[in-house]
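> Letter by letter, the sequence shown follows residues 3 to 188 in the numbering used here.
Warning: the hint list may mix true and false statements.
Stated by the list, open to error - Estimated spans, in silico, between C-beta atoms of each pair:
1. Phe-142 / Val-84: 24 to 30 Å
2. Val-94 / Gly-117: 30 to 36 Å
3. Leu-165 / Leu-87: 30 to 36 Å
4. Arg-68 / Leu-165: 42 to 48 Å
Quick caveat, the hints were computed from the structure, so don't treat them as lab data. What you are looking at is a predicted structure, and each value in this text was computed from that prediction instead of being measured. We put the CB at the ideal spot given by N, CA and C, even for glycine.
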Amino acid sequence: MNDPHPVRWKSMVGLGILGALLGLFMLFFSHVAIDMIVTVAGVAIILLSAIFLVEGLFLDAGGWSRWGIFGLAALGLLVGIVSILAPSLLVVSTGLLIGIFLLIYGIGEIAIGVGMVIVEAMVRMVLVMIGIFSMVVGLFLILNPMLGLDIFVWLVGMYLVVLGLMRVAHGLNERDTGGKAAVTRL
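I would like the entire structure built from these sequences, with the hints used as guidance.
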């Protein structure tokens with residue numbers, strides 16, 4: 003019943019190599035990777051906005067304004083087109099928005115940590131530390147949003163390289179043991 007499929011190790015090795023190559027691409031060509039991600043996001047925004055546009059034209063439900071949905075769809079089409087034509091603009095604005103969110107979140111965590119009186123000091127200290135860390139990352143993204151997103155892409159690239167190499171090693175181990183390796187599941 004639990005016999006391994008003979009192709010399993012090959013797919014693990016293949017997907018591991020693909021993941022590692024994608025990670026290396028993200029590490030060495032981070033600006034290209036960011037532009038590609040933004041372009042794909044722009045195409046997705048355009049497609050979803052086109053669906054909203056059609057729904058807005060033919061909407062007969064009560065409570066929703068046909069022109070409101072139509073206006074949101076037109077705004078979405080504009081954002082999608084701008085993200086394809088000038089991806090750096092969307093990247094910078096995304097970095098700024100994430101930075102502002104983290105700054106506000108950090109201030110809130112610090113306020114909660116300082117204002118709590120019925121909780122242990124350790125819990126309060128953890129909340130304050132989370133708030134400080136969020137504020138530092140938020141300020142970093144606000145001051146330099148492009149570099150912050152580059153670092154994010156580098157981290158994802160490193161993760162994919164490590165994950166890919168682990169999958170390759172696991173697939174080769176699976177091949178060498180012939181699928182007879184003991185696997186414990188939690």
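> Please go over all the hints and tell whether each is borne out by the structure.
The hints, checked one at a time:
Separation of Phe-142 from Val-84 is about 25 Å and conforms to the stated range, judged on CB atoms against 24 to 30 Å. In this structure, Val-94 and Gly-117 meet the distance hint of 30 to 36 Å, their C-beta atoms being roughly 35 Å apart. In this structure the supplied range 30 to 36 Å holds for Leu-165 paired with Leu-87, their Cβ-Cβ distance being about 33 Å. Distance hint for Arg-68 and Leu-165: a CB-CB separation of about 47 Å, consistent with the stated range 42 to 48 Å.
Every hint, counting from the list given before, is met by this structure.
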